[in-house]
Amino acid sequence: MSESRPRIRWHIVVFLAPAVLVYTAVMILPLFDTLRLALYDEVEGERVFVGLANFRILFGDPLWSDAFWNALANNFWFFLIHMAVQNPIGIALAAILSHPRLRFAALYRSAIFIPTILSFVIVGFAWKLILSPIWGIAPGMLDAIGLRSLFAPWLGREETALTTLALISVWQFVGIPMMLIYAALLSIPEEILEAGECDGVTGLSAFWKIKLPLILPAIGIISILTFVGNFNAFDLIYAAQGALAGPDFSTDILGTLLYRTFFGFQLQLGDPHMGSAVASAMFAVILIGVCIYLFGIQTRIRRYQL
Amino acid sequence: MPAARQSPLNSFAAHAALIAYTLIALFPVFVIVINSFKSRQAIFREPLALPDAESFSLIGYQTVMKQGDFALYFQNSLIVTLASLFFILLFGAMAAFALSEYRFRGNLLMGLYLALGIMIPIRIGTVAILQMMVATGLVNTLWALILVYTAQGLPLAVFILSEFMRQVSDDLKNAGRIDGLSEYRIFFRLVVPLVRPALATVAVFNMIPIWNDLWFPLILAPAEEVKTLTLGSQVFIGQFVTDWNAVLSALSLAILPVLVLYVIFSRQLIRGLTSGAVK
Amino acid sequence: MTQRSLVGALLASTLLAGAAQAQDVTLTIESWRNDDLSIWQDQIIPAFEAEHPGIKVNFAPSAPAEYNAVLNSKLDAGSAGDLITCRPFDASLALYEGGKLADLSDIEGMANFSDVAKSGWSTDDGAATYCVPMASVIHGFIYNRDAFAELGLEEPTTVDEFFAVLDAIKEDGSYIPMAMGTNDQWEAATMGYQNIGPNYWKGEEGRQALIEGKASLTDPEWVEPYAQLAKWGDYLGDGFEAQTYPDSQNLFTLGRAAIYPAGSWEISGFNNLADFEMGAFPPPVPAEGDGCYISDHTDIGIGMNAATEHPDAAKTFLNWVASPEFATLYANALPGFFPLSDAAVEIEDPLAQEFASWRQECESTIRSTYQILSRGTPNLENETWNASAQVVKGAESPEDAAARLQEGLSGWYEPQQQ
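Chains as they are written, first to last, in our numbering: chain P, 1 to 306; chain F, 1 to 279; chain R, 1 to 418.
For reference, chain P alone in the conformation it holds in the complex (with noise of 0.2 angstroms):
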């Protein structure tokens, strides 16, 4: 290369600036202020700094320990819906629209994705009307079918909310690994499925041996996404069940009790503080599952697929 080594390399200084000074002031400033408060307290309108005190409030107090341990285990639980239905479901529409001979391929991968493209506010108002024991329509399409004993107000009974809203996610969101699994689909080069073929490797057997592995990758990059996604979902859960993750909180996740914590909710007063606390300790989950991915699975597939 043809750079002198002292001088700076201008070039460089300008591609970065715009994204790093922009990140930086909105974002990475904003979210530091935040978490510096976690270290903080209120004590007769002073603040000062308490050091780890709200963590031990958090991990040692039942009253808060337990509602963060429910809505972790809640926010695995979501998380594990989503990898189990969405993705299954993501792949195998991928697998059938690749077909080279399918038609109205694209009108398919359109309808597909509509859901993905509405906002919460549509998604929760929809689904609570269809799964409305009142309004009717679940009710009246289980009975026409003759299965109107399998329904239930599944989003009001603790057992089932849960897993109600993470179906609703994955309808609205298997979109996008449909997409980025067809466009993995698509780069396999043909030579190497006519190489398959010649050896007899066809249909069914052919999509395990060759095409599966070779989107290894892509499916590792839709789960980190899925990953953060989840555990920083909020929206869906506010949307259909308030702030106050009903029914009893069985379908709390880390974002909505971050939000109840930091902002209040009704009467209960907001706790910038506290909920520094939460959003910190939020934070760690997910740059720990970030670390997995990274150093544990990432560079595993990529020396598999080499």
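FYI, nobody ran anything at the bench for these hints, they're computed from the structure.
Note that the coordinates shown come from a computational prediction; the quantities given were computed from them, not determined experimentally.
Hints may contain errors.
[Stated by the list, open to error] Residues from chain P that face chain F, not an exhaustive set, calculated with beta carbons under 8 angstroms:
1) 27
2) 83
3) 138
4) 232
5) 235
Note that CB positions come from ideal geometry on N, CA and C, so glycine has one too.
Once you have looked at the hints, place chains F and R on chain P.
Coordinates of chains F and R only, in the frame set by chain P:
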């Protein structure tokens, strides 16, 4: 060749599966739209029936038209989304290029620093962001939203784009350098066209959350003139929560423009997503 | 040509607006009452502006569920409006103590309010008042008069009669006896627990005893309302666990449910939606001849942003809100919101009249959880939402729910710790 991989039975099953899932995907939208054209009693009596001569009613749309300026809200949403996407893609691609192309001290650190933002919900910094917007006089302007969304979208954009840019062949860039192109030209002329699919991916990922965000419009730009479509329909729903004619009509009006835009652009979108592969 | 005239018109209008702004002060009101937007715009604000040329008022509501969070953020950042609609008790007290709300004890209009009316927006010692009381809401039951006539039913006055009526409606089968859901949780607490509770804990007497630590939530008078709620589940609609607040409102106004446990704020909405005659009865008393108590809750007030640039104009507006004229206007524009000022107000709506008439027969109190008791963590009000929904669903026994609430309260509230 390809025929060997597809039998008639398979193709029938494939269509059956796709049609089934398409129905599931479209059903809620269908329910909302048909019921928005029915009278209140008919909505509750037969929610799945199509509107007929007897049950047809536009009362909901009349309420919406009287109460909210949905055309303005739509325009605001469009401006915010397009401007944010533009800045995310431009700034994101520039930064990604710097990180993937040049070796310099702090490269890795800078990459990690920029990736940090993928993991944190920007909502946590709301109060500080609001204070900053008030101090700079940007509160209740669309610029406040554009800045926040740009900052929020950059980390993922840099992350995805730098992955892709590493795959752009060095030979091409070096050939450009030998031809005497400046680094800026290499970036805009050679690299950007090659990572178009990645740019499309980033655009898709960012477009939807920006369009649908409720939180920042509510806090940073709640004034009537700068309301986004999502905030407008949320406020409207809150206001008319028992008047389902109006709510369903407002939701239909919120869905419709997005749907139209999507139908117009879906071809480009998908081509963008898959173009790298199809070539 | 048309384009040029359009440009001309735009130019003229901006110039005019600029000229008007030069002398006019514009006050912005923060509020969670987005339901009332059109009433403010069409009735209340024009009435004020007609009397006070030079002051323009802009009503800028946000969604009720987000109001507190949004308002606090705006106040912290200094972008909040000049006038702040006040939630009662601690939420607003915290704003006053944080220096966000101005002290209004001295404005002349305050003289029109009794201490009880001001209690929702005064410091604990009553020394300072920081919001002008606007209205209170009363709990009770609204019923479908046509349905009652059809089934030959009378308004119940005792609990036994109440359940007899519910049984009769259930037996007949053409109506859901009662429209209430537990999905939104607050419905069970506010429309259920706080509605019937005062008859058991004897209104103010019980509420004060709890605050002073002389009574406990596990005492029979505090457990019994839960025991009553536990019996309600049988009379609610199919799938009430997932029934939301708007669902309940629709069930009743479409004529599918016969009784609606209500707050008086429903009246104006219901008048527009229901095509049958409605009546109302107060919460039934435990036994014939018992004194009756109603929740007459100071619900909404309005204060001044301490950082406003137009304190004089804001005080002019607040004095007007405190006037008998505003009270009459507000009470009749929004039947079901009862003015708190001492001025006698003629209420025209028959259903609202019915609710207001209970003030003569029964003792008034406010919701038990609002003053002082929801200051700590866990928050008693929010816990009460949860417990009420659980009890109605039968997921928790009344005794367990009461014990849980008491444990939470005594965890931080000193008078309850002996």
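Would you check whether residue 27/P satisfies its interface hint, that is, whether its CB is within less than 8 angstroms of any CB in chain F?
holds (4 angstroms)
Restraint: residue 83/P near chain F, CB-CB cut 8 angstroms. Satisfied or not?
At about 18 angstroms, which exceeds the 8 angstroms cut-off, the nearest Cβ of chain F leaves the hint on residue 83/P violated.
So, as I understand it, the hint says residue 235/P touches chain F; can you test that by seeing if any CB pair is closer than 8 angstroms?
Where the cut-off is 8 angstroms and the nearest Cβ of chain F is about 7 angstroms from residue 235/P, the hint holds.
Can residue 232/P be said to touch chain F, with a Cβ gap under 8 angstroms?
Interface hint status for residue 232/P: holds (5 angstroms vs cutoff 8 angstroms).
Chain F contact restraint on residue 138/P - CB to CB distance below 8 angstroms:
This hint is violated: residue 138/P lies away from chain F, its Cβ roughly 10 angstroms from the closest one there, beyond 8 angstroms.
In the structure shown, a violation is registered for the earlier hints numbered 2 and 3, in ascending order.
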